[in-house]
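From first to last, the protein sequence lines are chains P and G. According to our numbering, the residues represented by the first sequence are 1 to 499, in order. According to our numbering, the residues represented by the second sequence are 1001 to 1312, in order.
To be clear, the hints were calculated from the coordinates, so they are not data collected in a lab. Keep in mind that the hints are not guaranteed to be accurate.
Here are the computed distance ranges between Cβ atoms for each label pair [as the list claims (entries may be wrong)]:
id, chain 1, residue 1, chain 2, residue 2, range
1, P, A463, G, T1107, 52 to 60 Å
2, G, H1228, P, S452, 53 to 61 Å
3, P, D84, G, R1197, 44 to 52 Å
4, G, T1107, P, D84, 32 to 40 Å
5, P, D84, G, I1220, 46 to 54 Å
6, P, E235, G, G1151, 16 to 24 Å
7, G, I1043, P, G174, 48 to 56 Å
8, G, G1266, P, F400, 21 to 29 Å
9, P, D158, G, Y1294, 45 to 53 Å
10, G, G1266, P, D124, 52 to 60 Å
11, G, W1068, P, Q371, 42 to 50 Å
12, P, S173, G, I1291, 41 to 49 Å
Note that CB positions come from ideal geometry on N, CA and C, so glycine has one too.
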Amino acid sequence: MKKLVSLLLIAVLALGMCAAASAELLGPGNVTLKRLSYTCPWDPNNDYMVPIMKEATGYDVDFYALPSNDADNKLMLEVGGGADYDIVTVNINQWRMLLAAGALMPITDLLNTYGQDILAGNTDEVWATLTQDGDIYGMPYMYPHSQEITSFLVCRKDLLNAAGITELPKTISGFYDMLVALKNFYGDQYIILTGPLVAASEGNDSWRIPKCITSAFGIYSDWMVEDGKVIYASESPKFVEMMNFFNKLYTEGLIDVDWAVNSESAVQEKFVSGKAIICCGSRALVNFTTAAMIDQLHISMDDLCYINPLYGDDGVCTYQESEAINQVSCVLRNAKHPEDAINWINTKVQNQLFINIGVEGVHFTYDEVGQISPINPIFANERGDSYYYIDATNAADYQFQWPSRIRKSAGQWHAFNATTITNPDLSIFVKNYFKFMPASEAYATNNTALYSSLQDLILQMMAGVKTEADLATFANDFANNDGEEVRAELQAYYDSLAK
Amino acid sequence: MKAKTLSPEKDKKNINHIPMDASEKVAEIIAYVVLVLLALMAILPCLHVISKGISNGTAVAAGSVIFWPVGFQVEAINYVFTRTAFFTSLKNTLIITVVGTAIAMFTTVTTAYPLSRSDFKGRRFVTLLYVISMVFFGGIVPAYMVVKTIGILDTYWACILPFAIVQFNMFIVKNYFEGLPTEVEESASIDGANDIRTLWSIILPMSVPVLATVALLYAINYWNNYFHVMMYTSSASMKTLQLYLYDIINNSAAITESLYSTSFEGTNYAQNITTEGLNAAAVSMSLVPIIAAYPFVQRYMISGITVGSVKG
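So here's chain P without its partners, still in its complex pose (with noise of 0.2 Å):
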């Protein structure tokens, strides 16, 4: 269907193009914008955001949203049927296929005369992966936190205690003496460990076994980079010996039986109810547990802690920093205010303190050390839905203010600032190089088949039914699945950044 709604795009806007958009600035008051973005769960024209960009903007704005289901389809359906959205507020993917149908105005000259702030508030690098034979044709909504640890363990400090550990691993081996030391002092009493946790909401964490984990054997994504190779996590040297430490922690029951079939509510549940000791963790995951665990089993808040990424015993860790672009906006050729639209956005980047996150005294205070520190509930109930509203950011600005979202919940900056804020090691990050890489036809295709037979070929070496042998299998699969013409892809892209 999308080569059938290509078609109808193309024909579409060889039509537009001809139609004249206003060539200047209407203005504040003077124009109603129209900016279409991803899903929401309510009605984006009746939320208390709205009245608030008003006051900082002083533009209307209707609010469109696209399906949670079928959203490429319908975008694109809408945008060969001729749509005029002002905005259009989309992922990396969406973005790219509308580029590649020629959906898309050119913004340099548009940035340059209304947008410096957000030219300014990006760094050359993200802008030159938004640029098509020299000319910009979206903005960034950067992540805000690239160096964030989201894969960790969440232990019960006070069952720790009791068996008498009272110092947190740092290596694996310690890791596996602790896990060791639990199943000895409780025998079948708890779930020493349960996960996965597979439904992750951010990042690129869904992997069947913790990645807090992996990086003790040097093995941070499907795809990585040695030496200048591209080569896939089932090649690195470290592997088979991660595989049978795996399988060595299922034999010896010191993983949850159930960790193939665990679904993340199934893992949540587990560990709230108090029937595991240790949690394959994430900040989307601590924002309930924790509370849940306070209430349920009547524990405090210190009675949690966190193991950050595990090193091996040769001293090596290794962890991907977060992908870096969450969202990008783009004004549509059939756009009929670009003008407004981009100085519509400067203005919010402009006031970006106010519109994210509020007004000091009101919704938020500076701590002693300078952070930003929400007031709750009015912090959520005023400025909670702002994320839905971002189009471009200042970067640095909003990595400033981004984490005063998450302190917003103490449970989750207990495991926020135990895992990313006060780990001081950032040397274990290693760069995601295919972060800015553009859709690749082999990529595209086969990507999702391959990272599937990956989890099903973990799952299975973790249980016993695979072994090292199986690997050449796995590897005539690989190659069966146009695993090669993907690193041939990945390969010539990582060498196009190196030249």
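Position chain G relative to chain P; hints supplied.
What follows is chain G alone, placed relative to chain P:
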């Protein structure tokens, strides 16, 4: 030995009573057990969802809610009612279902009646056109362009008119009309009734069962329509209940994350609005209109299974 006497009433009741033998009793017990199990299979999931929607959020997160609420609360339902587009979506769905069904019944009856008359010229050709359009669908892109071209995108009409006649339903009604005795129409004609009067005063009153069934099929079609409504509407104010449910279930994690907060004193706000609790509350509230309407339409649903099957 004293003769057994029965009251006249009891005698009357027992005249037609044939006592069951042991095997029949066993069969009946098995039938009841199976039916009870089937009923439980239908009821328990609903109970589970409703219980989650009104249970304490931490109990939901701990997985301790099974079929009965634990720590009653209505925060999640209150959020669904006050902060989401539930009522707008419900209103849209009701308007589309009621107006759509009325229009669809009009088009269906006024199409089926002439096509059921053997003296209607061109009947075979027109019927063939309906058969062709029933078998072959042009696809969503041409359909979208038609809806756009006639200027009804993002309106109620876009959700109603494309489904104003479902060929299958029209053929059910047509077949039923064909089965009615022609003598009745002839006598109406002799009495001076024209075609419209005959249809309105004679045919339709005789066709209440099929009309009720087909109206129900249309209503279900409009109520459940997701894909086309999603494609033909853009505004949040045009969202129907099906779209609303999809969106809230797919976004509940983001909603709860943005709502949840803790005061300096440690009070947790929105603690009862968990991802699963929110989903459960939205789904539970969406069940209410169906549960309320079902007792009134139940018999037509059952007759819908057999209608039109006698004459094909």
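Comparing the hints with the structure gives:
Taking 52 to 60 Å as the suggested C-beta distance range, the pair A463 (chain P) and T1107 (chain G) conforms, at roughly 59 Å. Separation of H1228 (chain G) from S452 (chain P) is about 31 Å and departs from the stated range, judged on CB atoms against 53 to 61 Å. For D84 (chain P) and R1197 (chain G), the hinted distance range of 44 to 52 Å is satisfied, since their beta carbons lie about 50 Å from each other. Between T1107 (chain G) and D84 (chain P) the Cβ separation comes to about 33 Å, which falls inside the hinted range of 32 to 40 Å.
The given range of 46 to 54 Å is broken by D84 (chain P) and I1220 (chain G), whose C-beta atoms sit roughly 36 Å from each other. Range check, E235 (chain P) to G1151 (chain G): about 57 Å between beta-carbon atoms, so the 16 to 24 Å window is missed. Evaluation of the 48 to 56 Å hint for I1043 (chain G) and G174 (chain P) yields a pass: the beta carbon distance comes to about 52 Å. Taken as a hint, the range 21 to 29 Å holds for the pair G1266 (chain G) and F400 (chain P), whose Cβ atoms sit roughly 26 Å apart.
The supplied range of 45 to 53 Å is met by D158 (chain P) and Y1294 (chain G), whose beta-carbon atoms lie about 50 Å from each other. Between G1266 (chain G) and D124 (chain P), the C-beta spacing of about 45 Å breaks the proposed range 52 to 60 Å. Our hint of 42 to 50 Å for W1068 (chain G) and Q371 (chain P) holds, since their Cβ atoms are close to 44 Å apart. S173 (chain P) and I1291 (chain G) have their C-beta atoms about 58 Å apart, which leaves the hinted 41 to 49 Å range violated.
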